[in-house]
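**Student:** Please build the complete structure, drawing on both the sequences and the hints.
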Amino acid sequence: TRLIAWKTGRPFHPENMFFRTVDSGPPPAHALADFRVQFYAHKSLLDKMDETLGGSRDWAGHVLADYLHKILVLRNMHDKGGADIPIIVTAWDVARTKLAMDYWVDLSKGVWSEDERLRRYTECDAFCRRIQPCFPQTDLLVRALLADPAAEYVPPFIVFYSGLTEGTTCVLFTRPRHVPPPALVRGWPGACKDARC
Numbered sequence: 025t026r027l028i029a030w031k032t033g034r035p036f037h038p039e040n041m042f043f044r045t046v047d048s049g050p051p052p053a054h055a056l057a058d059f060r061v062q063f064y065a066h067k068s069l070l071d072k073m074d075e076t077l078g079g080s081r082d083w084a085g086h087v088l089a090d091y092l093h094k095i096l097v098l099r100n101m102h103d104k105g106g107a108d109i110p111i112i113v114t115a116w117d118v119a120r121t122k123l124a125m126d127y128w129v130d131l132s133k134g135v136w137s138e139d140e141r142l143r144r145y146t147e148c149d150a151f152c153r154r155i156q157p158c159f160p161q162t163d164l165l166v167r168a169l170l171a172d173p174a175a176e177y178v179p180p181f182i183v184f185y186s187g188l189t190e191g192t193t194c195v196l197f198t199r200p201r202h203v204p205p206p207a208l209v210r211g212w213p214g215a216c217k218d219a220r221c
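Counting with this note's numbering, you get residues 25 to 221 for the letters of the sequence shown.
Accuracy of the hints is not assured; some may be wrong.
[Claimed, not checked] Below, a list of computed lysine-lysine pairs in the DSS-like style, where the Cα atoms sit at most 27 angstroms apart: (1) Lys72 / Lys122; (2) Lys133 / Lys122; (3) Lys31 / Lys67; (4) Lys67 / Lys122; (5) Lys94 / Lys122.
No lab work stands behind these hints: they were computed from the structure.
Being a predicted model, the structure only gives us computed values, none of them experimental.
**Tutor:** Structure representation (structure tokens):
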């Protein structure tokens with residue numbers, strides 16, 4: 025939950041608002057709660073989405089309009105661990121997305137042998153081949169987001185948005201403590217009012 029305190033008798037501006045979340049200590053100023061949404065996508069997929077929307081270059085606005093409320097709820101659960109929200113745009117269907125998510129979650133447990141890791145990686149690569157971005161490109165991006173020393177932080181979660189109508193949007197949490205309570209997310213309606221969303 026997020027507690028927001030407003031200085032009485034002051035204008036309703038960020039510098040007069042303070043907040044506390046699950047992992048905040050003393051309430052920091054609301055003006056420090058800014059963040060950036062970063063989209064990562066293959067050029068061919070961006071061009072296809074742009075063409076679908078009639079060349080408006082507004083596909084990012086459509087994605088944000090559909091999911092911004094949920095993304096902000098997830099972002100506002102925690103204030104430590106980075107403020108940027110990475111969104112990886114893929115052309116994966118539900119099965120491909122699930123396979124990749126299962127790979128990253130299981131890999132993070134650190135219990136696989138080298139042979140098992142290679143077998144699972146090859147399985148994901150074969151299943152997502154000839155789709156841009158392919159699995160190796162996406163895997164490298166995920167690893168860079170999680171381990172790039174230049175970034176100086178690890179995002180609390182990574183959003184995977186599928187540009188396909190038969191795709192799904194998923195969230196990969198980077199730490200178990202970043203996963204919100206099931207009761208919070210269970211009732212979220214899909215943006216497109218479809219069971220696959």
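**Student:** Evaluate each hint against the coordinates.
**Tutor:** Hint by hint, here is what the structure shows:
1. Lys72 / Lys122: holds, 23 angstroms
2. Lys133 / Lys122: holds, 17 angstroms
3. Lys31 / Lys67: With Cα atoms ~46 angstroms apart, lysine 31 and lysine 67 exceed 27 angstroms; violated.
4. Lys67 / Lys122: holds, 23 angstroms
5. Lys94 / Lys122: With a Cα-Cα distance of about 20 angstroms, the restraint between lysine 94 and lysine 122 holds, given a limit of 27 angstroms.
In summary, the one numbered hint that this structure violates is 3.
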